[in-house]
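*Asks:* Protein chains in written order, with this note's numbering: chain F, 1 to 282; chain C, 1 to 439; chain R, 1 to 317.
For the record, the hints were derived by calculation from the structure and aren't laboratory data.
Take the hints with a grain of salt, since some may be wrong.
[Stated by the list, open to error] Some, not all, of what chain R presents toward chain C, calculated at C-beta under 8 Å:
#1 V67
#2 F73
#3 G75
#4 G259
#5 Q282
Since we're looking at a predicted model, the values are computed, not measured.
Glycine included, every Cβ here is placed at the ideal spot set by N, Cα and C.
Chain by chain, the residues:
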Amino acid sequence: MSSLAIPVGRPVKRGRHVLAHIVLGGGALLMIMPLLYQVVMSISTNEEVQSTPPIIWPSVIQWHNFADVFTMMNFGSSLKVSILITVIRVVGQVVLCSLAGYAFARMHFRGRGLILALILSLLMVPGQLFLIPQFQIIQSLGWLNTIPGIVAPGIFSAFGVFLMRQFFMGLPDELEDAARMDGANPFQIFTKIMLPLAANGVWALAIITVLWSWNDLLWPLVIASTQDAAPLSVGLANLQGEHSNNYPILMAASIMAMAPILVLFIALQKKVMAGIGRSGLK
Amino acid sequence: MTNLNRRTFLSVAALATATATLAACGNNGTPGSGAAAGDYAAPPKDISAELTYAIWGAAQKPFLQESIDEFNKEYPNIKISIDVTPSKGGAYWTKIQTLASSNTLPDVFWMNGPKIKLYAQNDQLLPLDGIVAAKAVDLANYPQGLVDLYTVDGKVYGIPKDYDSSAIFYSKSLVAAAGVPEPTADWTWEDLKKHSVELSKFYEGKGIHGVTADLTGGQTSYYNTILGAGGVVITKDGKKSGYDSPEAIEGVQFWRDLIEAGASPSMQQITETYSADLFRSGKAAITMEASYEAGATFEAMGDDVKVVPLPKGPVSNQSVIHGLANVIPANSKNPDAARAFVAFLAGKKAAELQSASGQVISAFKGTQQAWVDALPGMGAQAFLDAAESASPYPASKNSGAWGKYEQDLLPPAFAGTKPVADSAKELATKMNEALAQEA
Amino acid sequence: MSRVLTAPPKAAVPPRDPSEKAVRRRSIKRDGIWPWVFIGPTVFGMGLFYVWPVLQTFYYSFTKWGVFGGSKFIGIENYVRLLSDSEIPQSLLNTALYTAIVLLGIPIAMVLSALMETPGMKLAGFYRTLYFIPYITMPAAVGIVWRLIFNGDFGPINWFLSLFGIQGPYWTSTPGFALVAVALVGLWMSMGFNLIIMGAGMREIPREMYEAAEMDGASRLRQFFSITVPLLTPSIFFVSVLTVIGGFQLFDLLYIMMGKSNLAMPQTQSLVYIFYNQAFLQNDKGYAAAIGILILAVIAILTFIQFRVQKRWVNYV
């Protein structure tokens, strides 16, 4: 049990690490097992996938399933839409949520508590509830089938405001006070001093927004009626048939859709780690 | 007639019994003037419009695109883009309903049996009698059951595109190895019961059952046996549930008996593994299944799979027929272009392209041979024969309301946790409440 | 709720929140127009895209709402029906059990991240990535895989159990088991996020505290419970709030793993699932709106309670 132990200054004995590796490795295997199976499905034939009992390994590896994805759906254009809406959402959320989060954490104004409570309570409402009213708003803005239409409601995030507020609350007063003495206005204090200090929070918000935006299905599905406006999540859903499915193509496509995010995660891991973790504090 | 403005025409139409007859008196004037009223004449070839065609079957997109290309030879300036939304998880209907609530329905879209009355009776759809009256479409070309399905309050709202009917599939090798006679067109319910029990006995311990069917929905299973026992799911006027009749109860009981006798996999097994997959993987020797599974099953089993008509129940061996139709929204911005396109899709050329794809059976009579030919030696003609005498898919104005009750209340009956008669009566009560709400 | 969030904690823990100090120091001074500039865009967008729909939903919950628009005021009829609908309390119970199982992911994540954060631990980044992968998968694809894994006849889980002579249940179609199966997938999907929050939370715990404990001869197990756990409570709180909210959003997995007609559905379905069926399948949108308002109310109350109770157990260092 002592391998449960925790960061300590001195190095731990090798034997303990072995036990830790066994626990972590076993757990990791359980975690990625379904995905390994997804990989197996992606290189099998449809008959093999639907056979019962299911196959463990295909008789002939069908690498062409990955190539076939490009003929079954417009992967390239969907990827472009996904990247575009994700970038716009991330930038939009980071700007809006950090501004608002800062105000709620560090400024004083009438109705602060009430407005924050209102925003927080919106964090909790499942998306299905808003579908028709939000659609009608987008329609009256004339944004159906457009990138702004897909992106607009998702730029405003109660979660993001909450997250950024938590971050700004954790920062010390001193720098802010000093800047105020020097005659800086609140906007200058925010951009020059406080925002850089909350970089971890910004990264956390960014990666979570990337994930939500990338996998968001229902809203873009309803808003985008043309192929050129459909992101990957929608393109992927459209691969499913009514009665029969081409599972290998679906699995191959979903692996391909996941890949960019995985690469991004690995590349940003250090920043992300520090970022998301801080949001748990205060 | 073109001299009449729309309001005058509507008041005339209100008095007249047959709008279609009026509309048929010819229209040489500007296109679109009488669309809402129902008259139609093929628009000039140079008419230009941009249409969206919303569908849910991604697999059908290729041949539909071919149809559009053909259509464009005639109408080069009508641009049509296909919008696919999956029906899985209800996405297609969630989207269509949202679009309808905002008056932005696609120019032409797929409709199904359970939803047609909901959209037609809530004034969401354009009546298509004008196309029929103008002889651009002849309804005699489609199975009567389908035409009835899409005729609401005496008006045609959808032109049938394709259909599916049900039949018996069996594996020659599994049946032969067990020494059981092969199913024939003359089989009765009793034959099916008796021989599937024998099959299950023979294959005991091997995880192979005599017969299976999809009991998570009614179309390929209990809807057919309710008809076979002489019952109905819903009365013809769509106002009362038929589930509390002894005949309907007998039709549902049929499946419970098969499960209880061990002839069929349990309700849970069928829920967790799609019954068509069980059959294709050799886990069941016989299945009652719809024509839409014929292609995939033939591909998986080849010569081993054969098809014969449904077994005869106490009254009949009738199958339910269901099929999709192309519809146009009531407030269409391009009613003439949209109707020209629907008329083309309803025609022989588009039907042949559809049949040749082997995906679905075209609703257009005489074009289905290509589909049967794509399944050589299977006996797929049985589906076409079944369609001739088939009964329309049970539907009312708000089928979804009681469809949910079927999904919730029948599984316990099949599983044996509640007597079939009790479940059926509870279902009938709730369904009648839902139907009363429709009025 | 806002009061809960900003008021000084009454518990033994001294107030350390900087904004609290600020409140006391400049209790009268306000920041004039600036806060409104900062929150303006968000308030506008929230109002348009979220508050307005909520108000609309609230209004429609008192009407019989036509499938394609048009509504008739019927007073509290929908709410009366809500009270007598036996599916509602059952679905709340389902959500509670689901959430309870997904919450188990929190202690698991604590243990696993304690292992990952051990100094000198090799491959920590690699493990972190592996555990994170489920969090980024698309539910539509992975739900199908889980359906196969839990399959009663052919799934690997029951095959594994059979090695020990246990005959596994039909996981996704037996009342009780179906909920467990869906919740396990929910736990699986949330693990990556939990781990990252816990891991980083742990790394902010000052090393010196462990060194001091080490000198006092405290065992590692004891260090875990007397240093790590208490100092991690803010992270635990944050994750719990999100998990509870997440429990009420359960929807996609139900559809994908269980199908539309399932023996176990009454003992598994969530309120959102009932909402969706009423709104888009059964076409009773007025009643659906009332369910929507109930969902809002229940989550708001639960979150309020969580913020209240946090003062008793969350330690802000």
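*Asks:* Work down the list of hints and note, for each, if the structure agrees.
*Replies:* Going down the list of hints, with the structure as the test:
1. V67: With Cβ-Cβ at 6 Å, under 8 Å, it holds.
2. F73: violated, 17 Å
3. G75: violated, 17 Å
4. G259: Holds. Min distance 6 Å.
5. Q282: holds, 4 Å
The earlier numbered hints that this structure contradicts are 2 and 3.
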